[in-house]
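With chain A held as given, fit chains B, C and D onto it using these hints.
Next come the chains, spelled out residue by residue.
4 protein chains.
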Amino acid sequence: VKAARRTQHKTAREGRKTIVGRIDPEVLRFTAGKDRVLDIALAEAECFATAAHATMLSRIGGKATVVTEGQKKRIIRALAGIVREVRSGSFRISQNDQDIHLAVERRLTRKLGDLGRRIHTARSRNDQVAVDLRLYGKEQLLCVMDETLELGRALLKLARRHAAVPMVGRTHMQPAMPSSVGLWASAHAESLRDDISMQRSAYDFNDRCPLGSAAGYGVALNIDRRLTARLLGFRGLHENVLYAGNARGKCETVILSALSQVMLSLSRLSEDLILYSTPEFGYFVLPPEYCTGSSIMPQKSNPDVLELIRAKTTRVLGYASTAAGIVKGLTSGYGRDLQETKEPFIDGMQTARACVRILTALVKEINVDKKALLAGFRPEVFAADRALELVGEGVPFRDAYNHVKKHLGELEKVDYRRAVVSRTHLRTQGGMNFDESAAHFRGIKTFVSRERKRYYGSVRRLLGVEYPAPREREVT
Amino acid sequence: VKAARRTQHKTAREGRKTIVGRIDPEVLRFTAGKDRVLDIALAEAECFATAAHATMLSRIGGKATVVTEGQKKRIIRALAGIVREVRSGSFRISQNDQDIHLAVERRLTRKLGDLGRRIHTARSRNDQVAVDLRLYGKEQLLCVMDETLELGRALLKLARRHAAVPMVGRTHMQPAMPSSVGLWASAHAESLRDDISMQRSAYDFNDRCPLGSAAGYGVALNIDRRLTARLLGFRGLHENVLYAGNARGKCETVILSALSQVMLSLSRLSEDLILYSTPEFGYFVLPPEYCTGSSIMPQKSNPDVLELIRAKTTRVLGYASTAAGIVKGLTSGYGRDLQETKEPFIDGMQTARACVRILTALVKEINVDKKALLAGFRPEVFAADRALELVGEGVPFRDAYNHVKKHLGELEKVDYRRAVVSRTHLRTQGGMNFDESAAHFRGIKTFVSRERKRYYGSVRRLLGVEYPAPREREVT
Amino acid sequence: VKAARRTQHKTAREGRKTIVGRIDPEVLRFTAGKDRVLDIALAEAECFATAAHATMLSRIGGKATVVTEGQKKRIIRALAGIVREVRSGSFRISQNDQDIHLAVERRLTRKLGDLGRRIHTARSRNDQVAVDLRLYGKEQLLCVMDETLELGRALLKLARRHAAVPMVGRTHMQPAMPSSVGLWASAHAESLRDDISMQRSAYDFNDRCPLGSAAGYGVALNIDRRLTARLLGFRGLHENVLYAGNARGKCETVILSALSQVMLSLSRLSEDLILYSTPEFGYFVLPPEYCTGSSIMPQKSNPDVLELIRAKTTRVLGYASTAAGIVKGLTSGYGRDLQETKEPFIDGMQTARACVRILTALVKEINVDKKALLAGFRPEVFAADRALELVGEGVPFRDAYNHVKKHLGELEKVDYRRAVVSRTHLRTQGGMNFDESAAHFRGIKTFVSRERKRYYGSVRRLLGVEYPAPREREVT
Amino acid sequence: VKAARRTQHKTAREGRKTIVGRIDPEVLRFTAGKDRVLDIALAEAECFATAAHATMLSRIGGKATVVTEGQKKRIIRALAGIVREVRSGSFRISQNDQDIHLAVERRLTRKLGDLGRRIHTARSRNDQVAVDLRLYGKEQLLCVMDETLELGRALLKLARRHAAVPMVGRTHMQPAMPSSVGLWASAHAESLRDDISMQRSAYDFNDRCPLGSAAGYGVALNIDRRLTARLLGFRGLHENVLYAGNARGKCETVILSALSQVMLSLSRLSEDLILYSTPEFGYFVLPPEYCTGSSIMPQKSNPDVLELIRAKTTRVLGYASTAAGIVKGLTSGYGRDLQETKEPFIDGMQTARACVRILTALVKEINVDKKALLAGFRPEVFAADRALELVGEGVPFRDAYNHVKKHLGELEKVDYRRAVVSRTHLRTQGGMNFDESAAHFRGIKTFVSRERKRYYGSVRRLLGVEYPAPREREVT
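Residue numbers (the numbering used here), protein chains in the order written: chain A, 35 to 510; chain B, 35 to 510; chain C, 35 to 510; chain D, 35 to 510.
Isolated chain A (complex conformation):
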């Protein structure tokens, strides 16, 4: 112990050099990778989690007490100061810090001396990054759910306003049957409902605390994992400490898979809008302030935003499979490979959120050109309806079908409006029920609000900082 105390004094002078060791600077740069930039997104979570860990350490009874009640308060005050620094935008992670975890520990040590060097008792860096990512994921998933439902509402509003406006329904991009703008827009809205349900599943998956796993093998100290989980507002915790670590990468993959779903919906909506806003179709007029010009052709007004969403869909899908590909084939226990899942996760989340938000704004400004929509109808669109009329007169369907096929030239344009309204069975063009979807979105809104309150409440109680209205967190 005396020898250890001597080491203590020396290292106090040497700073944190020994934590990292004498590593080649090129290696330091290589291993830090983009963490110095990416980890800013985790800075607040790191402070919250450290506050919870300190609180827990202060409650370990017996002679094992590592941190006293008073020391805990000093730690939490220092952490609250770091949160303010992060929020002011002045927080930086140096090359030497490597990541947010050492950056925070180092600041604490600078402010609190010895006390700062106690904070890492009974936890490991893997442990910290694991819990930070869960806290980040929780907050972000609530954001993306909120944003997705707003896009759903915008589409529902569009659907309601143009419920009965006829539109040629297509399959294989070719005219198929009479349909309506209402059916089209609410189909996209219903797709988003499903996407939110996947976000919700991912939210539940994510909502478990890994803290206390240390390096994946626990520690020989009687830490209280349930307490930290509760302090941080988690509904559950990963029980097996080794699995708590192994779940890293898995959880990110689950979330990215959920985000892939919403991106698929966005991508198909974008493709529809790109097609339907060409002059050859002209069904929809995109808001000019959401279109960009050409550097050489003065007449151009291009749907760049929609094309980027389409491409960014591939980016998010790629992130999901990259994250999974990294995890595949690893042995149990932490491997540095997992660091590489961080960028797919954080950038994937921010990409998905940015796409949802911008498309919401665009959808709100879409103009519907009824004349162009009507002009799209040709008699052939009514072929199936005609066949069903013959069925009504007793002809077996397959024969009615063949008859109409042979006499396509005789088809006449039916009144579109009638054709649209004639489909009255459940949720067809004539059987819409927008209220049900609206109520569904309201339910999600309530869920999001409640969870935010719960989460932000925990943070407030723990750290004493007022948790601000959730704003967007951008990663440069």
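These are calculated hints, taken from the structure and not from any lab test.
You may find that some hints are simply not true.
Remember, identical chains collapse to one label, so a pair may be satisfied in a single copy or spanning two.
Derived lysine to any residue pairs resembling SDA-like cross-links, with alpha carbons at most 20 angstroms apart [stated by the list, open to error]:
#: 1; residue 1: K440; residue 2: E323
#: 2; residue 1: K106; residue 2: K145
#: 3; residue 1: K398; residue 2: R63
#: 4; residue 1: K68; residue 2: R391
#: 5; residue 1: K404; residue 2: P313
Relative to chain A, chains B, C and D alone:
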């Protein structure tokens, strides 16, 4: 109508040629692709769904009645006959049939004449394949849940039996801390619990009936979509008819993402077993009947099964991203592209199931070599424990850490058993609770049984065929 | 040696059981996977390679002679018989055979007794599958090059025939500048030229013999690797025996990456054709025998073939990344994981080839609708030309651009033909040079013929079977 | 023209606002994406290409002259100034600039007034980014080839130094046959030779100038595309202007596929080193300055660098498939989707280069532990050799194999060194030829030097800036 009747007689002679049209045979072959083989897996579902559709048609009131009660009975009898043919293994889909849908319609027409030509009223092929895939997905997801929980139980049993057997815990594949076989095996079991929760989410996503969307734009006939959904045992239905079609591909992707999770768990377990069964480690001895030899080296006993699982993980991950990549950027409404999601879906499901099953059998036969496990311990493994001891004596952790780092040579081998048992906090090596996991798996078992009963009950009531004990469905 | 001879007699009775060992039948089925079906594609290559190996063994001098000249002749006669069996379609691989390699060895043993049991001297199964895949790859790459150039020629013919037919050039799917069918079609042809160059690179990569690596560590026998390489018609060989094995998976990935390129070209061409054959555009009329109808809508004529090509592009891209993902992170030396690259490789090759062929046939039958093409022009398409006119009068471009942008309404329709022809600089609409591309394709044709002659000549000399005109090898 | 001149004066005042139009700031941010950061990597290329374009404009004869000889000189002087600014690190791209292309044009206009507004005559932004990416790709590919060959040389040196040091050769991670460090290290070197050959193919693919395609449809001005291609040092050019644009994305995919190959080699080498540096194997001792510690376990020295390389392999593979996935299904002509291929391309290139460099440094410092290598041998490793001995005594191989299999216990440890040296056939452990590989690497070195000289010479002649020794270009 008279003209239509004339067509009727002609086409009765011409057979189904006109349904498909005069398509180039090379094109027929190209478009059919692997459907002739793959669709066999959907044959029973096709019969069930057709039975539900016929029943619904028979209940449409008024003059619109397409199928009478008596006709319905004849149709269902014929469908039950086809099911028997499928089960006997004699059912074939010809090049001309293209897929299971036309194959069944054509058989019905051959047996029932005119009546067979009525069955396609108010539905489209997209509609059929969509509902068939949901029924297939439902049954298969119940199988994979059941199989995954059995693997979980096998691991739990291994964990329980060797709960306190010491094992070097590793990070970065390097020795890290004292751990136990119990912790290791139950970590893998807990991972599977999470995987089952994703399978359950996918199950709920899948458990909605798309039938009645026709070509995605409904039909001008008062069909009853709630009825068919109920007859087929679905808990819900896709309301918007266009979205009912657009959900194809999405649903497969959701399921494949869930399967990717279980594959990731399998892959890491396999990697562990490959490593730990090398002579240099020797922790586990694989059952020889699960190993294969070399054609040139007489001494070999290779973990081929585990390597294949590792590689098949990449296959399933690839399927998930292929399915998503196909859906991306499509316009609304059916496109033939979706056919290409069928093989990833069906083969991905069968691949995942086969991997889970074979690994379960292998895990049950694993031999644990305690001597080799103990031999793996070196004094360095206790370095963190020693640092914590110093903390207990009042040294700040970071200083204790540095002290131990500088005096690694002085570390002594601690009694492993004590080291393992000393970790008593929640779910560490010394704080296991296998009963909780066992109870969890029992709960899933109950869920699977209940859902199977419900589903097979619907089938039995609808089609009158005794639904057999679920057997594995292999796709050649 | 005496004991070994005793074993010899016993195993003669026991058959090949001991080669495979007493493996669980479920394991046998799992490890064989789809090899029993896939390996048929490798059957001829297996016979060629075995013939080369036998020839080499017969030339090892000194007392080490394993196979005499006369025995070699008997082996080759037996192999030629197997080739005939394969060609007749009657060759089957049993569950017990596992794969083509044991299937052939077993047949040889059945026919030749002891001699058959000598053939595996100094080689391993990895060795065999590696060389078989190279031979397969070689033949198939020549096919795909040939087929791709035929598609290029078909497009060039289309371009030449409609060289000056005006067509609105587009960016962002929106009208951009005056263009021509000639420019459009030859752009796609030029893309294929690039794709063939990548196939050529892959061909060179593949054209090296791995045989003689045994299990990756050579053998203690003086085998002549250069001889087998030459007998099999390879231009080079993998020198390092360990790398010869490690190159498996890599080589498949290189080939699949090359195939991905041609698929990308096909996919973009298909997308153009899907769009331009909608009634709203109507530029091209697809041959009806390449379109398919709908089961419910009598009027439909859908571009299913093109949609499938688009989707199959994702399939081939997926295969490329699956193959790479399997190889990633493996340790040196053979691992069974590599078996899983076989299906991506073989199915990817067959998929790409089928897509190229069917698109060639379709392109040859496309009808160009000049009236629809002209109708697509609107005055705005000439905006950039107008700005350049102003530049010609001394106005800086950026100002001319801004002026035209502000006065778009004043633009007049220019004579399209003049606009198209006015672009006379290198390879624009007015500066085409189809002869150069045609000459390029001729050069590739010559290369393909020469290589085929060389390869098939080697086979003929070695095995004495007449090598047939290359026909398509389909994988069921 | 007068009106145009008026516009000229107004826009002179308004600055470049009208080029971009009145776009929503949120949209500007969304569409710019990461271009403001990424495009710095393209800044020099942008200046070179603009210099070539200006030179070409100055040589257009007749009244069409857009830029005089004197004006050209002023433009080039201004561009050289921008290059210096870029090199000093002070160049920034503003939100308003969106990308490097407008940033440079705007600086030119600020410096040169009217003349700056002339520079965009007859080109488009797509055109510029396309040529910039080719120039960037060219320089970077030369770097990565150079770096890859250095890793190859480092491995060769390791192989030569330990050519005869025995090492257990493995398959399935299990001991297989006697091998040597020389064989192992040179296998990895030979893999890199192949990777360089793919980089070379990609280099040739990339080495064609797309400039002059304008928006993909040429311009009505007699520009000289061959001249700009020559001035920029390209060996060829994309002839068809539409394809010149369509090749974007394709070319990046080709390069990323080539980089995937080298990453696969790196990944397998890393995996070997991770495994062989565990205490259980101990074959290699990694240089401590390339290992990192743990924050909780004082004894740790982890191969983080190697794990990151393994994970970054997945990243680069993911980039290749993301780039391809973005291109798939696009219609002809530029789409904004392509912007999303920029980050995969640039970051993929920098990632691959960083991995190659750090692994080279690490390989140079590896320590080989001969004692541990010898300790790894067990008698079973000689089983195949024993079987071949029996073959030499006339026993058919399959019988010899079975005999040895049954009497494994009787195998004796052979002298390893003899076993290794006994394999004397081509390029086995005893038949190494390091000189041939060394000569091969020298040849590549010569190629790289020659191409660099050619490229940098073009730049120097064109722009008058001394081209510095190629240094690494890092993307933050």
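Going down the list of hints, with the structure as the test:
1. K440 to E323: between (48 angstroms within a copy, 16 angstroms between copies)
2. K106 to K145: within (14 angstroms within a copy, 60 angstroms between copies)
3. K398 to R63: between (45 angstroms within a copy, 19 angstroms between copies)
4. K68 to R391: For K68 and R391, only the inter-copy Cα distance (18 angstroms) is at most 20 angstroms; the intra-copy one is 26 angstroms.
5. K404 to P313: Classified as both: same-chain Cα gap 14 angstroms, cross-chain 19 angstroms, threshold 20 angstroms.
Violated hints for the displayed structure: none, as all numbered hints are satisfied.
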